[in-house]
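Last residue of the sequence shown: 1075 in our numbering, with the numbers rising by one and none dropped.
I should point out that these hints are in silico values taken from the structure, not numbers from a laboratory. None of the values given here were measured: they were computed from a predicted structure. By construction, the Cβ of each residue, glycine as well, lies at the ideal position given by its N, Cα and C atoms. Relax, there's no trap hidden among the hints.
The following label-pair restraints were derived from C-beta to C-beta distances:
(1) Arg838 to Gly950: 46 to 54 angstroms
(2) Ser1002 to Asp964: 12 to 20 angstroms
(3) Gln1021 to Trp870: 32 to 40 angstroms
(4) Leu932 to Ser831: 22 to 30 angstroms
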Amino acid sequence: MWIGLHYGRYSPVGFAERPEPNFAWINLDAGASTQGSYAFIMDAQAPAWWAGWRAGLTFGAVRVNRLGYYGLGNDTQYSRDSLTTAGSYFYKVSRTTQFARATVQRRVIGPLRILAGASIDHSDFRALPGRSVFHDDLAAGAVDPGTIPLTDQVVRAGVVLDTRDHEIDPHRGVAAEVLFASGTGYTRTTTSARVYVHPFQRLVLAGRLAAEGTGGNPPLAAMELMESSERPFVAVGGYYSLRAYYNGRFTGPAS
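Produce the complete structure using the sequences and hints provided.
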């Protein structure tokens, strides 16, 4: 169970029909759960405050105290019986993160934009009570203990094509992006596309395809997340990436 508070202020676009929901906004969110998780996030976005420009700045402190961890790589095995013999935290880990993230986008022509950004992220992982896959991987060296905790400094650049009719409630259009990022000892390349089709008044069809690869020696904190032009999200598995699988079910250098 979570208890949360939200405060937001925004500058509305009025009666103009445009894809951006508002000219600019700032949101403050704070919450805590009965399982030891918490989140404090300050998010300021200006998608249409300046003509042709978009800017965003986000600060946060988040603990996910029951994050899924099933090992590294797509061939990791899952055994439901392990939850009975080894305990309910066998496939869980606690991750704490403090971060600051800035992004600027500039419209080049029509719906095509270029993106530049930077972030700094301090992440730490903690094994939960009892035996766990994370504890075993850390002891065996599959997870580099020198990267826990880790302060990751990242710069990124990319190209974004966005033809959606509305960014929050799209009915038609395409949102595609190609991003390249360089972090502490690794690089990351991400491509993604979301397509929306509105064949009938009461029907909207949507599809999404994304892929990401890393070079160098990405730490666990980087492999747990997938990059996007908005903000990174846990991958692969879970609500934001692959809903048919548990949160963080497939963690590795390629997604």
